[in-house]
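For the record, the sequence lines run as chains A and B. Everything in the first sequence is counted per the working numbering, starting at 9 for the first residue and increasing by one. Everything in the second sequence is counted per the working numbering, starting at 1113 for the first residue and increasing by one.
Everything labelled a hint here was simulated from the structure, so no lab data went into it. Glycine residues also receive a C-beta, built at the ideal position from the N, C-alpha and C atoms. Treat the hints with caution; some may be incorrect.
Unchecked claim - Mimicking DSS-like on lysine-lysine, the simulated pairs with C-alpha atoms at most 30 Å apart in a straight line are:
no. : chain 1 : residue 1 : chain 2 : residue 2
1   : B       : K1219     : B       : K1122
2   : A       : K200      : B       : K1135
3   : B       : K1222     : B       : K1268
4   : A       : K200      : B       : K1189
5   : B       : K1219     : B       : K1268
6   : B       : K1360     : B       : K1455
7   : B       : K1464     : B       : K1377
8   : B       : K1268     : B       : K1135
9   : B       : K1222     : A       : K200
Unchecked claim - Pulled a few chain A residues facing chain B out of the computed Cβ check, cut under 7 Å:
no. : residue
10  : T45
11  : I47
12  : D183
13  : G184
Residue strings, one per chain:
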Amino acid sequence: MTSNRIQYTLLGIAVIFALVYLFPLYWMYVTALKSGTEIFAIPPTFVPNEPNWGVFGYVWEVRGMGKFLWNSLVIATGTMIITAGLGTGCAYVLARYRNVWIDVALFLILMLQVLPASLMITPLFVGFSQIGLLNTPRFAVILAVSAKAMPFFVILVRATFMAVPGELEEAALVDGNSRVGAFVSIVLPLAKNGVLVSAILIFMQAFGEFVYSKSIIQDVNLQPASVGLNAFMGPNTIEWNNIMAYATIYVTPILAAFVLLQQRIVAGLTSGALK
Amino acid sequence: MTSPLQIELKAVNKYYGNFHALKNIDLAVPSGTFVALVGPSGCGKSTLLRSLAGLEETSGGKMEIAGVDVTDMPPRKRDVAMVFQSYALYPHMTVAQNLTYSLRIQKVAKAELRAAAEKVAASIGLTELLDRYPRELSGGQRQRVAMGRAIIRNPKVFLFDEPLSNLDASLRVQMRKEIRALHDRLGATTVYVTHDQIEAMTMADHVVVLRAGVIEQQASPMTLYERPTSKFVAGFIGSPAMNFIEGKICDNGTSVMLEMAGAPKLDIVQKVTPNMPVTVGIRPEHIRVAPSEECDFSLPVTLIETTGTMSYVSLGTAPELSLMLTDRTVFSVGDNIGLVVDKARIHLFDPKTEQAIT
Ligand SMILES: Nc1ncnc2c1ncn2[C@@H]1O[C@H](COP(=O)(O)OP(=O)(O)O)[C@@H](O)[C@H]1O
Ligand SMILES: [Mg+2]
């Protein structure tokens, strides 16, 4: 057995897994373009016979996707800003100090990560309604999603900060800078990749968020695209091509962004701060 | 010394939790002095230097720099420059930006920055490298940038933490001279940390020997070499290290009997309490080979190491005795050779307290 053979075998297995994993995505795209009868044809067709490109414009209009996507964008952007704004400082402190309390804090943060959204939503809903946050439901969702996303962000960004040697900061302090100045001019630029990538991942996660939005936002005009998609899929749905067209419009921008940024994302997550 | 004190430490203490890292450090450094802090790894050299820079909070005592109490001042107000062992160059800045970082914090005008960087670069041979990034430099070049970053500020005190330990041997010897020359040219006050006693001896005006957070002795290099006040300093300063042999003062109080084969007696110049047990310290360079009729004692050769200029000879006794010769050796391993000790340069220590007997 040559090692080459093993490598090709492993590569083959990896490709098969990737195909299996990506198949639903492919199915989403082709189903969107098929006609109603072709969708249920047996055997199924893998390339649509008469692709119906008009479906996208139609769904966009009929379902009012503009406002749904805008709401998703608002929620994702707000979440990213709050998470990155608060989480970066938090991650920095957790990276720079070593003592028992820091360990306790890290443990609690990891605990938070474990709690599922569906469990948290009831207490959150009650709390939010009591302090009147339900009057600004998108903001309430932003807060809830930020709290949910924070641990993930903090853990990732902390690792990035830990890769920046403390001596660089000390050199900046001796060179005459303040702690804040040293953080801004030395640590942050070196940790930039990791912080940016983590923020983008948070954005993408918030863009697809469903549980909190569904429960907290009652007004259709303020709901994000994920809730809109859910509303589209009633129990007796037959418009699969339209639903798939909706899903396509929803995820394609995120997918495109991910593909465009993937090199940076992978680099930011693996390489640490210094190269 | 008449020049004013540039650094003054009074009873400085430092605890890390329960660990007492610096114990009652007193230090007075006149302006223009090159001070070396030397001692084995973990003795607190970096802690002391970092306390001076303000990177560590001290737990007690007082620190003054140029007459100003800096004990509770943050690093940026102390006006000291530090060269780190890792160099700590800012990786995202070019050499020029690294050099001018401190000036930019002081809001020096843009036009002056480049000129200042070029001037410093020219003085330490970095002119060609101003637009490179640290990752594109060799170890020696990085070292120079780190020094340039300190020089450009014209600080009250220069602090160096083992700056040469990452360089290869020949470069280290060269940089040793350059750093000392730079110190003289700038008329600077320098505190230089090293674990290498040769660096300390060759570069410094004043050497502070630290051991487990305590100043064991501080003096000029030659004083440390000639009159160490403890067995620790005697063994730490000088290379190869001093030989220690247990012995006992004879009845007359003017000679000592060594505890080794043949129980040889050596005359000593000082007068010591008779019958007192002592540790006798003899430097390898103060033992000489002699014909058997005039020697103090003779021992078999177990190892000869030659560098060309020097020969290091090990002699079989317990513990092993070493000697250093500059002339060609005419004997070989296994030979019994006669030895004469330079009596004026024998050191005596109390075996219990390990302090020098004077
Ligand atoms: N941040 C710290 N926390 C606890 N102990 C420390 C810390 N820094 C240094 N020490 C201890 O203090 C002693 C002196 O350290 P240091 O000054 O770095 O020694 P060196 O002389 O090798 O530079 C060592 O025993 C070290 O373990
Ligand atoms: Mg050290």
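Consistency of the hints with the structure:
1. This hinted pair does not check out: K1219(B) and K1122(B) have alpha carbons roughly 35 Å apart, beyond 30 Å.
2. At most 30 Å may separate the alpha-carbon atoms for a hinted pair to count; K200(A) and K1135(B) exceed this at roughly 42 Å.
3. For the hint pairing K1222(B) with K1268(B), the CA-to-CA distance comes to about 24 Å; that is within 30 Å, so the pair holds.
4. Taken as a hint, the K200(A) and K1189(B) pair is honoured in the structure, with Cα atoms around 29 Å apart against an allowance of 30 Å.
5. Between K1219(B) and K1268(B), the direct Cα distance comes to roughly 19 Å. Compliance with the 30 Å bound is thereby established for this hinted pair.
6. For the hint linking K1360(B) to K1455(B), the alpha-carbon distance of about 16 Å falls within 30 Å, and the restraint holds.
7. Our distance criterion of 30 Å between C-alpha atoms is met by K1464(B) and K1377(B), whose separation comes to about 22 Å.
8. The hinted pair formed by K1268(B) and K1135(B) meets the criterion: a straight-line CA distance of about 25 Å does not exceed 30 Å.
9. Under the criterion of a C-alpha separation no larger than 30 Å, the hint pairing K1222(B) with K200(A) is consistent with the structure, at around 26 Å.
10. At a threshold of 7 Å, the smallest CB-CB gap from T45(A) to chain B is about 60 Å, leaving the interface hint violated.
11. Proximity of I47(A) to chain B is violated relative to the hint, the smallest CB-CB distance being about 54 Å (cut-off 7 Å).
12. Contact between D183(A) and chain B, as hinted, is supported at the beta carbon level, the nearest pair being about 4 Å apart and thus within 7 Å.
13. Given hint, G184(A) at the interface with chain B, holds; its Cβ is 5 Å from that chain's nearest Cβ, closer than 7 Å.
Hint check: violations occur at hints 1, 2, 10 and 11; the rest are consistent with the structure.
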